[in-house]
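Spelled out from the first residue to the last, the chains are:
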Amino acid sequence: MNTLAIDHPAVRPTRTQLGDWTAWTVMAKWGGLLFIFLIYFPLAWLALMSISERPLSGIPLPLTMDNYRALVDDTRWVAPFSISLLIAVFVGIVSAIAATLVGRHLPNAKRSGLKLLLCVIPLFVPGMSMGAALFIVFRAMLGLKLGYWSIIAGHFIWAFPFGLLVVLVLTSRFDHRLVEAAEDLGASKLRTFLDIELPILRPGIVGAGLFGFLLSFNEVLRTMFLRGTSTTMPIYNWTMAASQQSQVPIIFALATIILLVTLPLLAGVFWVLYARIDKS
Amino acid sequence: MLEIEGATHRYGELTALDNVSLSARQGEFLTILGESGSGKTTLLRVISGLEQPTEVGKLMIGGENVVGVPPSRRNCTTVFQSYALFPHMSVAENIAYGLVVRGISRDDARKQASKALETVRLPGFEDRRVSQLSGGQKQRVAIARAIVTRPAVLLLDEPLGALDERLRLNMQNELTDLQRQLKTTFVYITHSQEEALAMSDRIVLMRSGRIEQLGTPSELFDLPTSTFAAEFMGFENLLPGVARSVDGNLVSVALSGGSPVVGIAANPAGISQGDLVTIAIRAERLSHSDVSRKQCRHLNTLAGTKIDQRYRGKYSDLDIETAAGKLKVRTWDNASLPEEISSVSWRAEDCIVLPTAANRKT
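Chains A and B, in that order, give the protein sequences.
One rule links them: number in the numbering used here = place in the first sequence (from 1) + 917.
One rule links them: number in the numbering used here = place in the second sequence (from 1) + 412.
No lab work stands behind these hints: they were computed from the structure.
Small disclaimer: the values here were computed from a predicted structure and weren't measured.
Only some residues are given here: those of chain A computed to face chain B with a beta carbon under 7 Å:
1) R1094
2) L1095
3) E1097
4) E1100
5) G1103
Here are some chain A residues the structure puts well away from chain B; computed CB gaps all over 12 Å:
6) H925
7) V989
8) I1000
9) R1028
10) A1050
11) V1054
12) Y1065
13) T1146
14) S1147
15) M1157
16) A1159
Note that beta-carbon positions come from the ideal geometry of N, C-alpha and C, so glycine has one too.
Looking at chain A on its own, in the form it has when it is part of the complex (with noise of 0.2 Å):
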């Protein structure tokens, strides 16, 4: 037999108190609490105040429904309304797309870090920077006309590598044999990309075209260098509560409409997405 090669004698097993502090799921239990009250409260606050006489007082009685009927009675919220959405479809498509086919290929790539790396970036680049960057190059650099199309630009670019992220937890976690056991089948690689790749992804490209849509639906800091004479929703919504006091209360009403549509559909859409995968 050899001789033992451990030969320091028993350790036994030690124990920190901060690590053992039974007090740390409580706290995280009430500071969890604290955290829905703040995201909660206020977004109630606002459905309240958009129903009040005086919304600006801080008082919510007595309601009212002047708010909405003059939110119906004023068009001019309709035409920015419609472009956010249009643009924040355009830009979700593309972000969903985009995502898909880099996030398909990143796993696998060489050096695929790096890739990764120069891909989020725009996550960390502050949106007035990104936005005054493309300006310069847009508009001083090579002279072209601000407008829907460079919004769009400035907002992929921030959408997109949220979307990326996204699909990139199911594309590293997919199983290529799965691939080859459909080629393997007899299946052309059209038919294996829809019929085996597309349906496994599926939750991560609608959830990089939601990103995309609500980044794009949302964006101020680059909107204001990229729009040109351009409106879109927010923008006006940020001039209407800035310049006139007397458009608050319609600003109320239109956030909480639209908070009321989103939310709902929003939810839906991730419970028919994830909830059911959890089930298979």
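Could you slot chain B onto chain A? The hints should help.
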């Protein structure tokens, strides 16, 4: 059914497959046996088309030349080691997939999938999700999916590797039954010599991208042609020696310590007088008792003493020190293990004389 000539495949500098040629008849169960890294999986991928070989002289599947043909148009399917079942499809959809992509209607494909499920003894599993299946059930679904298109050649990549032992033994029998029933050529990859022996018509033993030995299970088991094959097929005792004379397939060998023994060679022409050789003997073919076996023409005997003894349940292993080296003796009679041993003996036909790798000219 399957014919390969001169297949070579390199991954960069690494030669995974080095000029391999083999063939399989209709309905043959051919096993490719080897360690990991021996090139057996590469060979399978070359056959299925998932890997295009660097060079190949001829590659025929079911009478068709498939050099350069993509995997989707080859008349063979693969049962993958990881099963590779499609997680977003039901069991029936998985099995029917090969039929659906061939343009068969979904109804007909589903009917055939049900039949295939019966063949692999999983009737009624059509609408299960893949994630609800156990390892053994996934295995059966993977087999059903691969056989439902009736390929000329079925490729199986270590299909039983992930199963527990009892299930593995059952599946071995089921696979051979299935193969007889379908009369399909099976090309089966494994690293387990036990699986290879139990199931195959012929075994291809691979080593470093080459075929080391090709033969029936009993040829590989009883008459290996190299020390590598002998070790791989489980010969416990390998002793060095020098060939003294060759007479037919009988070779006289002087072991170190001078003891003369007689053994047989698979390829006596490769051994000449004075060559360094290795003799290989299975532990269970060694006998520690002095009772001579009268029917033997040649009985080799070495004096030795017992230095260790290990109880293994069904049998016991004894370590015997002899002048030529240490020998392991396996005895099935646990009841009457002797305290002392004076010699070990074995028959010439159980003693395989192999050319020592050093003077092999390849």
